[in-house]
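Using the hints, put the two standalone chains together into the complex.
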Amino acid sequence: MGALILLDETAQVKRMSQFYGRYTQISMPNLLFELGCEEMPASAVDRATADLRDQITIRLTEAGLSFSGSAALGTPRRLIVSVTDLPERQLDREEEARGPRAEAAFDADGNPTKALEGFCRGQGVSPKSAVTKDGYVWITKSIPGQSTSDLLAELLPEAVKSLKFDKTMRWGLEKARFVRPIRWILALLGEEPVHFELFGVASGLTSRGHRFMAPHEFIPNSWDNHLALLREHFVEPDPAERRKRIVAQAQSVASGSPDLPEALVNENVHLTEWPTAHEGTFAESFLALPDPVLVTAMAKHERFFPVRDRSGKILNKFISIRNNGDEAKVKAGNEWVLNARFNDAQFFYREDQKRTLDDFLSDTEQMLFQEKLGTVRQRADRIAHLTVEVNQALGGINKDDAFQAGLYAKADLSTGLVSELSSLQGIIGGEYARREGMPEAVAQAIGSQYALPDSLSDENRLGVALLLADQLDKLAGFLGLGLVPKGSSDPFGLRRAASFIIQGSWLTDAHLDIKMLIEKATEQYKNQSISLDLSKTEEALADLFRGRYEALLPNVEHDVHAAAALSGHWHQISRPREYLARTQLLADIKQSPDTVQTYTRPLNILSAARSKGELAKAIIKPNELTPEGQALHQAVSERLPLKDAIHNFFESTMINDEDLTVRARNLTLLQMVEELLLEIGDFTKLVIE
Amino acid sequence: MMTFQNLIRTLDDYWSSQGCAVLESYDSEVGAGTMHPATTLRSLGPEPWNVAYVQASRRPADGRYTLNPQRSQRYFQYQVIMKPSPENIVDLYMGSLDALGFDSKNNDIRLVEDDWESQAAGAAGVGWEVWLNGTEVSQFTFFQQMGGIDCDPVCAEITYGPERLCLMINGQDSFWDGLMWSDDMTYRTAEFEAEMQNNLYNFEVADTSLLRNLFDLYEAESKRVIATEVHFDPSRKILALDKAETQGEIAPISEALIYPALDLALKCSHIFNLLDARGAVSVTERAKYINRIRARIRACCLAYVEKFKA
Numbered sequence: 171m172g173a174l175i176l177l178d179e180t181a182q183v184k185r186m187s188q189f190y191g192r193y194t195q196i197s198m199p200n201l202l203f204e205l206g207c208e209e210m211p212a213s214a215v216d217r218a219t220a221d222l223r224d225q226i227t228i229r230l231t232e233a234g235l236s237f238s239g240s241a242a243l244g245t246p247r248r249l250i251v252s253v254t255d256l257p258e259r260q261l262d263r264e265e266e267a268r269g270p271r272a273e274a275a276f277d278a279d280g281n282p283t284k285a286l287e288g289f290c291r292g293q294g295v296s297p298k299s300a301v302t303k304d305g306y307v308w309i310t311k312s313i314p315g316q317s318t319s320d321l322l323a324e325l326l327p328e329a330v331k332s333l334k335f336d337k338t339m340r341w342g343l344e345k346a347r348f349v350r351p352i353r354w355i356l357a358l359l360g361e362e363p364v365h366f367e368l369f370g371v372a373s374g375l376t377s378r379g380h381r382f383m384a385p386h387e388f389i390p391n392s393w394d395n396h397l398a399l400l401r402e403h404f405v406e407p408d409p410a411e412r413r414k415r416i417v418a419q420a421q422s423v424a425s426g427s428p429d430l431p432e433a434l435v436n437e438n439v440h441l442t443e444w445p446t447a448h449e450g451t452f453a454e455s456f457l458a459l460p461d462p463v464l465v466t467a468m469a470k471h472e473r474f475f476p477v478r479d480r481s482g483k484i485l486n487k488f489i490s491i492r493n494n495g496d497e498a499k500v501k502a503g504n505e506w507v508l509n510a511r512f513n514d515a516q517f518f519y520r521e522d523q524k525r526t527l528d529d530f531l532s533d534t535e536q537m538l539f540q541e542k543l544g545t546v547r548q549r550a551d552r553i554a555h556l557t558v559e560v561n562q563a564l565g566g567i568n569k570d571d572a573f574q575a576g577l578y579a580k581a582d583l584s585t586g587l588v589s590e591l592s593s594l595q596g597i598i599g600g601e602y603a604r605r606e607g608m609p610e611a612v613a614q615a616i617g618s619q620y621a622l623p624d625s626l627s628d629e630n631r632l633g634v635a636l637l638l639a640d641q642l643d644k645l646a647g648f649l650g651l652g653l654v655p656k657g658s659s660d661p662f663g664l665r666r667a668a669s670f671i672i673q674g675s676w677l678t679d680a681h682l683d684i685k686m687l688i689e690k691a692t693e694q695y696k697n698q699s700i701s702l703d704l705s706k707t708e709e710a711l712a713d714l715f716r717g718r719y720e721a722l723l724p725n726v727e728h729d730v731h732a733a734a735a736l737s738g739h740w741h742q743i744s745r746p747r748e749y750l751a752r753t754q755l756l757a758d759i760k761q762s763p764d765t766v767q768t769y770t771r772p773l774n775i776l777s778a779a780r781s782k783g784e785l786a787k788a789i790i791k792p793n794e795l796t797p798e799g800q801a802l803h804q805a806v807s808e809r810l811p812l813k814d815a816i817h818n819f820f821e822s823t824m825i826n827d828e829d830l831t832v833r834a835r836n837l838t839l840l841q842m843v844e845e846l847l848l849e850i851g852d853f854t855k856l857v858i859e
Numbered sequence: 118m119m120t121f122q123n124l125i126r127t128l129d130d131y132w133s134s135q136g137c138a139v140l141e142s143y144d145s146e147v148g149a150g151t152m153h154p155a156t157t158l159r160s161l162g163p164e165p166w167n168v169a170y171v172q173a174s175r176r177p178a179d180g181r182y183t184l185n186p187q188r189s190q191r192y193f194q195y196q197v198i199m200k201p202s203p204e205n206i207v208d209l210y211m212g213s214l215d216a217l218g219f220d221s222k223n224n225d226i227r228l229v230e231d232d233w234e235s236q237a238a239g240a241a242g243v244g245w246e247v248w249l250n251g252t253e254v255s256q257f258t259f260f261q262q263m264g265g266i267d268c269d270p271v272c273a274e275i276t277y278g279p280e281r282l283c284l285m286i287n288g289q290d291s292f293w294d295g296l297m298w299s300d301d302m303t304y305r306t307a308e309f310e311a312e313m314q315n316n317l318y319n320f321e322v323a324d325t326s327l328l329r330n331l332f333d334l335y336e337a338e339s340k341r342v343i344a345t346e347v348h349f350d351p352s353r354k355i356l357a358l359d360k361a362e363t364q365g366e367i368a369p370i371s372e373a374l375i376y377p378a379l380d381l382a383l384k385c386s387h388i389f390n391l392l393d394a395r396g397a398v399s400v401t402e403r404a405k406y407i408n409r410i411r412a413r414i415r416a417c418c419l420a421y422v423e424k425f426k427a
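Chains A and B, in that order, give the protein sequences.
The working numbering numbers the first residue of the first sequence as 171 and each following residue consecutively.
The working numbering numbers the first residue of the second sequence as 118 and each following residue consecutively.
Just so you know, these hints were derived from the structure itself, not from any lab.
Glycine residues also receive a C-beta, built at the ideal position from the N, C-alpha and C atoms.
It is possible that part of the hints are untrue.
Facing chain A, according to a computed beta carbon distance under 8 Å, are these residues of chain B, among others [said to hold, decoys possible]:
#: 1; residue: R188
#: 2; residue: E204
#: 3; residue: L209
#: 4; residue: S213
#: 5; residue: Q261
For lysine-lysine, the following DSS-like pairs were computed, each having C-alpha atoms within a straight-line distance of at most 30 Å [claimed, not checked]:
#: 6; chain 1: A; residue 1: K542; chain 2: B; residue 2: K405
#: 7; chain 1: A; residue 1: K813; chain 2: A; residue 2: K787
#: 8; chain 1: A; residue 1: K337; chain 2: B; residue 2: K360
#: 9; chain 1: B; residue 1: K354; chain 2: B; residue 2: K405
#: 10; chain 1: A; residue 1: K337; chain 2: B; residue 2: K405
#: 11; chain 1: A; residue 1: K345; chain 2: B; residue 2: K222
#: 12; chain 1: B; residue 1: K426; chain 2: B; residue 2: K384
#: 13; chain 1: A; residue 1: K685; chain 2: A; residue 2: K696
#: 14; chain 1: A; residue 1: K524; chain 2: A; residue 2: K470
#: 15; chain 1: A; residue 1: K813; chain 2: A; residue 2: K855
#: 16; chain 1: A; residue 1: K345; chain 2: A; residue 2: K542
#: 17; chain 1: A; residue 1: K656; chain 2: A; residue 2: K855
#: 18; chain 1: A; residue 1: K499; chain 2: A; residue 2: K414
Isolated chain B (complex conformation) (with noise of 0.2 Å):
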């Protein structure tokens, strides 16, 4: 019985072999692994970068009040960054899912043509979705653009669904029947009541007025703390917000405060999820809303490859 720990455990184990580091999941909701500042920011630039992480992510639309057995509003995503892309990466991804037991052999796996896009994040991608016995278990993507930014070198990410990767080891369907998170400890006994809970919550009780309101208001301090000028101060060696007085040889330093500003975005775009799966957003209102998160990543993005222009 493979249990959802060691699932990751394997992963984390495997990619490190392969010089990835392995970091933490965002303290923040995202809808995806790609929002965590480690995809978002740090697939722009020239620097390499190679890491793996779990990301618990949330969608609020995709809940179904517990009763379909796969699908939940909120899950976990592993992801894998590499850049530049390497070479050989379709073989050090076949091989993790060798090291997970699925030997490819006796296994049917496939790349299927399968391009991806978040209109939200203006990220566009090339790639597959692995099939494995038909069902999708990753989503694989050359990361062509993000915040609307050309990705040059282009980095290669690796989506697992590992709850589904986990039940299809094991044979097992559900979530909430039998999948193990550790030897001793149920997937259903971590998650159930806050699915339960977050789902009614999501869908009947939240306060769309006082959503719309706090999608106002995060904005508006997105955008004025990406607009904030900071300086990086040589003699202190500490950001600040006053110019210092330039006492020694080296002047200071024009900065952005980036990671705020992001996040203050990621709280949008998760107002903006729940608000959907209030089902309070039109047609003509929901392209707004999205390009107002655009707007708010992508003057992020943009503030990240500023520094790497000099």
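Bound-form chain A, shown alone (with noise of 0.2 Å):
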């Protein structure tokens, strides 16, 4: 994201100058408004950033105040926005108030009376001016604009209070809460300070530069002026200046090709004011180590960037983002850290490295899933066997594979590597798969058994499957002991396994049936003797179901979502891939009101006369039907178009006839339509305006 600038309302600016060219000579003040805080976490500041001027301009539109634009810019220290062309003071406006009822307000000789002068005594006005209206005195206040100035003193601070974050603290004496603590408000209005107090600090007309370079203070006099006096002082105010010299100075270091990933560049683009790239290098014999551990050493730990050669290959380089300080001596600073921390990942290396896979395994037996649930080892089983069974449903064939790489997935949750860095679970049980010998479809899932791809292919198939396997059984075992996610919590991570398994389905055309997978995973429990309540693991999956769909398709109408999920029990919701197909001719067919209508009635007659006991299930002999009823028969039994029928069956009978065996006969040919029509939706649920 970058400069944050709304170019609007140019016609709007055109308007204001005009009027005020006309009657006055006012000339429109700019803001420059700046909140100078310790660090802010880097995730935090652009949407800090965004926040800030949305908060302001919204309630200068609240008070009246026009403008012509506004930008906003944010580093780790500090939130500047900039607003133009504002007005010295609101307008003035007029306000009515209605008095007392008119025979109240004056005596028979048309003077006030009491009422009326307590009223206008209140309100500041003189009784002269009270006018009678619709039986009512109402007088008429004229209500003096309040200064620009004055206005901003109260709505910057709540601006800035309105503020939300992941986290808040307090500091100090403080009460009050923000991100970090606040330093310095600069608060300029034109050429004049706007004044007031926050968090105990008080706004003035000064900014300050970068922390270490300049930290003096100085007083700039305008949005152009401060942005210049800030590179002046070794602090670059716009992030998206700061991305583009991180990444050109990366690249033009680099020895070979820096990997450049869009959250590490973010993430240095808000750790530093002054960003600067220099090329570290570490001992050649790290090399030896997975890269997945020099990645994430050198990424995650130090927010350093690797590099590779053109073959891909990582290089024992990289490229750091520095905010100050020496070139030389920096660089010998990163190069300790990382060869420290290598050496660490390496002593665990070494000692995994004595072990096989089928030690970590057995480890296993060590380790407790759930209380109730056995061992991560007893799992490894589970998820074994359930592994070939969502392979074969996916449309893969080697079953040895599968059972294999289920069997081996949680083994390195027991090597020294994965509970030094825990991020790179399965990643290090699929390289110490592969350094083994196992099939390399075998290594490739378990490595990737985290992660769902976004389309399945032959190659990432397994471990999809694996993947789903993982969730079933975490899904079949918690809901099963009635551990289902509440409110805000859901501590084993229930919800974003059923969006797991949903997303997973929509990737193949085969209809994975999960209900009967469920079932499956259950089994796999009992097999070891642990046992689980189905039925309740069925109706926490339908409210879990429901929720992700919701969650999953933001795009899809509620009154959709309701018609799809039917009466929401399981069995309706627990095919995804039928479910979504769906909602989309749910969709498409709300287009069309009259169809929807058309759908309705058999829906809404046969509910009536299910709620009166009255339905009845007759045999249908098609020549006792009526020509239009035979039609609608003939289009159910060989599922033709029903719309027409419908419509045309409606249209020409009287479905409750007074005859009761005709009046069966109707209704037991509406069920079939029911049947077929409840296998798209309930159309009931559809809110056609």
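Next comes the structure, spelled out in structure tokens:
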């Protein structure tokens, strides 16, 4: 995200300047606002920058203050907002207030009564100005506009306090909370300061430069001047510029090609006010460590960019982005710490190399998965069987590979490297499997079991099967014990597990039947004498899936979801692929209100009959039906388009015929129609405007 | 060459010039300077509190049989507590790096988001890890809670790793190779033998069933002690078990044995750490042990803040 500049409202500016040009010669001052903090979390800066601008402009608009544009920039130590061409004050406005009834306001002689005098005194106007309208007395007050500066003194602190962060804190004696302690506030309207106090800090006219390179205060007099002064003081205020600089410099100093993933670049953008790149080196011997270990230590722990040669092989180089300091000194420090980290990883790696995946697997006998759900080793057996099932359902052929992938999937949890670098679970298992000469498909599946790919291929099918088997085992186990996620509390990640299963099912044309797979997963527990309540699991899954469908398909309207979920029973929504297709079909049909109405008629009439207990089932002989009845019967039997047939049947037939035999026949025919309609969804839930 | 003791002396001098009293290390096994009562208890309550101290820290699971040059099961922390946190606390901290010779012009010093939490102490804070050319040299935390109780006012806690700082200053790589404690003695001479022996003890020799028993005993004793009614007898000016016959005007004041109860809770914490290093604690057991420690520490913290309520 770059500078947030609104280039709108030009028409409004023109209008405003015409207005002021005609009546007065008021200049239009700009607001320059900077909030100086101790270093904010890198992940918080972009949103805080955008939100602060929005919160200020929303409040300006609410106060009736127009402006021509706004801009916002942010660094880890400051949020800067500019609003241009504000009026000096709000316009004066008039407000009417209703007083007593007319007959109570004046006496027989037409003089004001005590009641009217009292009312006028309260409003601060003379009774003479009161007018009578609609049987009441009214007065008009003129309310002078407040000065923009006074309004800003209230609205700027409110805007800051309204900012939302993932986590806030208190400091010192302050009771209020913010993301990090505030150190200075610059608030300038035109050439004048806006005075207020926030979190014990008084606003002023000064800003500060880079924490180390130019820590002193300076006084800017405009947005442009401020940006120029910041740059003179080694602060690049624009995140887009810092990003450009980081990427360009990283590429230019690298002796190969640097990995520049978006998230890591962005983090560096907000860990620096004045970024400069340099390349460092680590001992070549560490290249023997698995690649993911190298990448994790560099990227995740040190925020360095790994460097690769043309063939994609990792070099013993890294790119570091510094905010300050002497290049040689910082580089030496970077190399020192990276070597220390690799040393630590190497210790575990060497220990791990003395053992095999079989050893690690048997160590998981000591690791509890969950008190009542057995050990991680027991889980391995269950996942192995389930992976075979799911792989088959996804069209995979090799049962041995599937079994092996499932069996060894969690073995790496007992390795030294994973206990040290937990984010590498799965990846390390995959690496070790490869080193031990297991089939590539198995190693690949183990290594990718925690991430769902964008599409299914022969190469990643087993990995997807393993991922799904893992989640099925988890859901069957926890939900079967009644451990259901509640509110914001989902300690076992069951919502995520359900999402994985739904999204995984969407990757394939095969209609995965999750109901059947959950039964199989529960059966695996049973084989280990772990008893679970399947009906509890299914009830919880129905809730979980309905919630996940809505979250994963936010563009599908609520009523379409309601229609697709039917009565919301597990068997009705346990095939995600089918659910998706039904929402699409329902959304299409919803475009044609008369189709929806036609489909709704049989459903409504049956529901009424059902609630009266009048629903009989008759045997239908087509030759006893009316021609329209026959046409509908044929459409149902042969699965032909139903709309016109339903329509004609209703138009020609008194469904609740007085002859109960005829009525029963009609209702029976409609039940056949209903059965077909409900294969798509409950049309009565669709909201047609 | 910076010696270990000079590094500590430099920090002592710097922080005492900033108004901190320099305390001594606590005399019980603790996993971090935070468990010193000077932090655990004194971070609570309204009174100003500005101290600095070295704390010998025991983390059995962090041992590497002395094979890793920068990790050991016993090492030192340098801890600063300032309550309420001064407005310029970050600047004060930067001054301490300058005092150590890391001038902020030539080094890359960064405050990187890192929120700290200790489940066992019921403590949570917001702050940073401080990076010096990419190495984490300090933990900088504004305490929000201790013992599950809101800190008000908030103190700043700064924790340095003095061994690592010393290595960095000297451009050395290993605790065990060349790091000097004084001009004449190495860090290795002071610590190595104990480190080797403790590693083997922690990982392979410690008797787990004995440790489990000890945990239960210390826990029970901590519970009993914090529940023991004691009174300040104004006439004798001592704490006493019996309610003194009121001779003077002032009635005896109800008190609690907070420090002894906390010492016993700290024993539990260390024993749990040993069991953990022995690999004798399963996942669910782990959560239960931690909850038990937290309950003991919290009871002490609650009793400690009680006296400020009147």
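Inset, instruction - Mind checking the alpha carbons of K813/A and K787/A for me, to see if they're no more than 30 Å apart? - result: The given pair, whose Cα atoms are some 23 Å apart, holds under the 30 Å limit.
Legend entry - Pairwise hint evaluation, K470/A against K524/A, where the allowed Cα distance is 30 Å at most: With a Cα-Cα distance of about 27 Å, the restraint between K524/A and K470/A holds, given a limit of 30 Å.
Legend entry - Pair hint K345/A and K542/A, alpha-carbon separation not exceeding 30 Å: violated, 45 Å
Inset, instruction - Would you mind confirming whether the straight-line C-alpha gap from K426/B to K384/B stays at or under 30 Å? - result: With a Cα-Cα distance of about 29 Å, the restraint between K426/B and K384/B holds, given a limit of 30 Å.
Legend entry - Given hint K855/A paired with K656/A - CA-CA distance at most 30 Å: holds, 27 Å
Legend entry - Hinted pair K337/A and K405/B, Cα distance within 30 Å: Since the Cα atoms of K337/A and K405/B sit roughly 27 Å apart, the hinted pair holds (cutoff 30 Å).
Inset, instruction - Please work out if K337/A and K360/B have their alpha carbons no farther apart than 30 Å. - result: The hint is violated at about 48 Å.
Inset, instruction - Return the status of the interface hint for S213/B: holds when the least beta-carbon distance to chain A is below 8 Å, violated otherwise. - result: It is violated, given that the least Cβ distance between S213/B and chain A is near 15 Å, above 8 Å.
Legend entry - Agreement of hint Q261/B with chain A interface, Cβ distance less than 8 Å: holds, 6 Å
Inset, instruction - For the pair supplied as a hint, K354/B and K405/B, confirm whether the alpha-carbon distance does not exceed 30 Å. - result: With Cα atoms ~41 Å apart, K354/B and K405/B exceed 30 Å; violated.
Inset, instruction - So, E204/B near chain A? Judge it on the closest CB pair being under 8 Å. - result: For E204/B, the interface hint holds, since the closest Cβ of chain A sits about 7 Å away, which is under 8 Å.
Legend entry - Pair hint outcome, K345/A versus K222/B [Cα-Cα no greater than 30 Å]: Violated, because 35 Å separates the two Cα atoms, which is more than 30 Å.
Figure legend: structure checked against the earlier numbered hints; hints not met, in rising order: 3, 4, 8, 9, 11 and 16.
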